[in-house]
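Novice: Chain by chain, the residues:
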Amino acid sequence: MKKHLITIDDLTKNEIMSIMEQGKAFKEILSRPIKKIPTLRGKTIGLLFFEPSTRTKLSFELAAKRMSADVLNFSASTSSLKKKESIKDTIMTLEAMKIDIYVVRHGFPGVPYIVANNIKGSVINAGDGAHSHPTQALLDLYTIWEKFGELKGLNVTIVGDVKYSRVVRSDINILNKMGANVTLCTPKTLLPRTIEKFNVKYTFNLKEAVKNADVIIGLRMQKERQDSGLIPDEVEFNHFFGLKPEIVANARKNVLIMHPGPINRGVEIDGEVADSENSVINEQVTNGLAVRMSIFYHFVEG
Amino acid sequence: MKQKSKIMVKEDIFRSLKRIAHEIIEFNKGIKDIAILGIRRRGVPLGDVIREEIEKTEGKKVTFGIIDITLYRDDLSTLSDKPKVNSTEIDFNVTGKNIILIDDVLYTGRTIRAALDEIMDYGRPKSIQVAVLVDRGHRELPVMANYIGKSIPTKKNEVIEVKTEETDGIWEVWIAEKIKK
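Protein sequences, first through last, are from chains H and D.
One point on numbering: in our numbering, the residue at position 59 of the first sequence is 59, and numbering is uninterrupted.
One point on numbering: in our numbering, the residue at position 61 of the second sequence is 1061, and numbering is uninterrupted.
Mixed in with the good hints there might be a few duds.
Keeping only pairs whose Cα atoms sit at most 35 Å apart, straight-line, the calculated DSBU-like set for lysine-lysine is [claimed, not checked]: (1) Lys1126(D) <-> Lys1002(D); (2) Lys1163(D) <-> Lys1004(D); (3) Lys152(H) <-> Lys1060(D); (4) Lys36(H) <-> Lys1082(D); (5) Lys1150(D) <-> Lys1032(D); (6) Lys1002(D) <-> Lys35(H); (7) Lys1163(D) <-> Lys1006(D); (8) Lys1084(D) <-> Lys152(H); (9) Lys1061(D) <-> Lys147(H); (10) Lys36(H) <-> Lys1032(D); (11) Lys24(H) <-> Lys1155(D); (12) Lys24(H) <-> Lys1060(D); (13) Lys1010(D) <-> Lys24(H); (14) Lys13(H) <-> Lys1084(D); (15) Lys1056(D) <-> Lys1156(D).
For each label pair, taking beta carbons as the anchor points, the in silico distance ranges come out as [unchecked claim]: (16) Thr78(H) <-> Met1001(D): 27 to 37 Å; (17) Gly1096(D) <-> Met1(H): 40 to 50 Å; (18) Arg32(H) <-> Pro1083(D): 30 to 40 Å; (19) Ser53(H) <-> Arg1019(D): 53 to 63 Å; (20) Lys1156(D) <-> Glu21(H): 32 to 42 Å; (21) Asp10(H) <-> Gly1169(D): 34 to 44 Å; (22) Lys24(H) <-> Glu1023(D): 32 to 42 Å; (23) Gly1096(D) <-> Gly107(H): 10 to 20 Å.
Derived from the structure by calculation, the hints contain no laboratory data.
Each residue gets a CB set at the ideal place from its N, CA and C atoms; glycine is no exception.
Kindly produce the complete structure, drawing on both the sequences and the hints.
Specialist: Here it is in structure tokens:
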């Protein structure tokens, strides 16, 4: 096991399966009357969120608390970064407080590496720019693995805003590694220039993309990053690239509908699809908690 | 690890487990509110034998569960390799139950301590009793067994190896010696 989890490349196939399998034990804990285990007693986990987040931050925080760790919350908007303190000085301050695991979210790719180079403990990347979001990929994989029992040969279609999505990069990485077949579907303007290096099939036709899909993952339209006119408007986007019941009907019957959240109903996914029986969007949240507990267990040092 | 001598074969093990089963029934005056919890891994097949014997004698089903104490260990931060975590499977309400915890060997008492803590996170049992196949002494905590298959005095550098059909393909108990490298 490497010291830090910054991209999926930090994990071997065996380590990924170890996180999956032991994730089951952590999921069981979440169904107990007392949902707390003493495993990380005396450890301190720092949540460094330089960029807003609701579910990822809450998920990490609850995972840490369920394992009896102490949690130090840091959010950029209320910190001394506003007084122009550098990231490095901020980290040095936290380091002086003896933190065991740093969970880092930042709008710029690579910041987790800066943190990793300045601390003794471990870094878990909670999303850096459009680079990587390994814990989301692990929880997505867990959700798929739990339902199908295997990963090799599954057809996974990922639809939506590929350009700005860090989730898609980590999802592709982990799914390729575990032998699934990935198909991307996105407007031409949101297709990264480096798409050939992604090692996946891609199409601009949604109906074709979901054909024979075992899993469809919708990506969030990153409205906050859409001011450069790459898509005409949300209505048109929904017309061509929204997950609608008649589109999903072309996939396999027991297709899993997934989405990392937060969802934009009527943009990348219709409410009817998000709330359908095939949707596991809320289960992903529960699984995220179990998987993050498993990740803490694997990465905490003695 | 050097195996020194075989102390029990299948027949010995089964005689002990069956006696324990009857002691459990006797002590609890029947099997009302009894639930058996096997501690992973070898407490599980041992617990299964005890359960079968109790069910045969009393003609009623006995509640059974599996407990994995890994996440409650007190030495996690001193181990270089993290032990694998398996699921605990307790699909009944422990509150009000007389829990019979089953393990293969009672040694320092730390496994039982971890199991006690874990069970308390599921509710408030009426009582918790401990049954072990082998008690080898050297307790480091005030823990005792209510039912003991065999007491075997050991040296600290010795190890008791319990083998079960399910985990090792054979029922045997060995005494072995740790070899220093």
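Novice: Next step is simple, just say for each hint if it's right about the structure.
Specialist: Consistency of the hints with the structure:
1. Lys1126(D) <-> Lys1002(D): violated (42 Å)
2. Lys1163(D) <-> Lys1004(D): holds (15 Å)
3. Lys152(H) <-> Lys1060(D): Roughly 45 Å between the alpha carbons, so the hint for Lys152(H) and Lys1060(D) is violated.
4. Lys36(H) <-> Lys1082(D): holds (19 Å)
5. Lys1150(D) <-> Lys1032(D): Distance ~27 Å between Lys1150(D) and Lys1032(D) Cα, so the pair holds.
6. Lys1002(D) <-> Lys35(H): Distance of about 42 Å is beyond 35 Å: violated.
7. Lys1163(D) <-> Lys1006(D): holds (11 Å)
8. Lys1084(D) <-> Lys152(H): Within the cut-off at roughly 24 Å; holds.
9. Lys1061(D) <-> Lys147(H): holds (32 Å)
10. Lys36(H) <-> Lys1032(D): holds (30 Å)
11. Lys24(H) <-> Lys1155(D): With a Cα-Cα distance of about 38 Å, the restraint between Lys24(H) and Lys1155(D) is violated, given a limit of 35 Å.
12. Lys24(H) <-> Lys1060(D): holds (32 Å)
13. Lys1010(D) <-> Lys24(H): Between Lys1010(D) and Lys24(H) the Cα gap is close to 34 Å, so the pair holds against 35 Å.
14. Lys13(H) <-> Lys1084(D): Judged against 35 Å, a Cα distance of about 16 Å means the pair holds.
15. Lys1056(D) <-> Lys1156(D): violated (39 Å)
16. Thr78(H) <-> Met1001(D): 27 to 37 Å: Because 57 Å falls outside the window, the suggested range is violated.
17. Gly1096(D) <-> Met1(H): 40 to 50 Å: holds (42 Å)
18. Arg32(H) <-> Pro1083(D): 30 to 40 Å: Violated - the Cβ-Cβ distance for Arg32(H) and Pro1083(D), about 20 Å, lies outside 30 to 40 Å.
19. Ser53(H) <-> Arg1019(D): 53 to 63 Å: holds (59 Å)
20. Lys1156(D) <-> Glu21(H): 32 to 42 Å: holds (34 Å)
21. Asp10(H) <-> Gly1169(D): 34 to 44 Å: Since Asp10(H) and Gly1169(D) have Cβ atoms about 38 Å apart, the given range 34 to 44 Å holds.
22. Lys24(H) <-> Glu1023(D): 32 to 42 Å: holds (35 Å)
23. Gly1096(D) <-> Gly107(H): 10 to 20 Å: This hint is violated: roughly 53 Å between Cβ atoms.
When the structure is compared with the earlier hints, violations turn up for hints 1, 3, 6, 11, 15, 16, 18, 23 and for no others.
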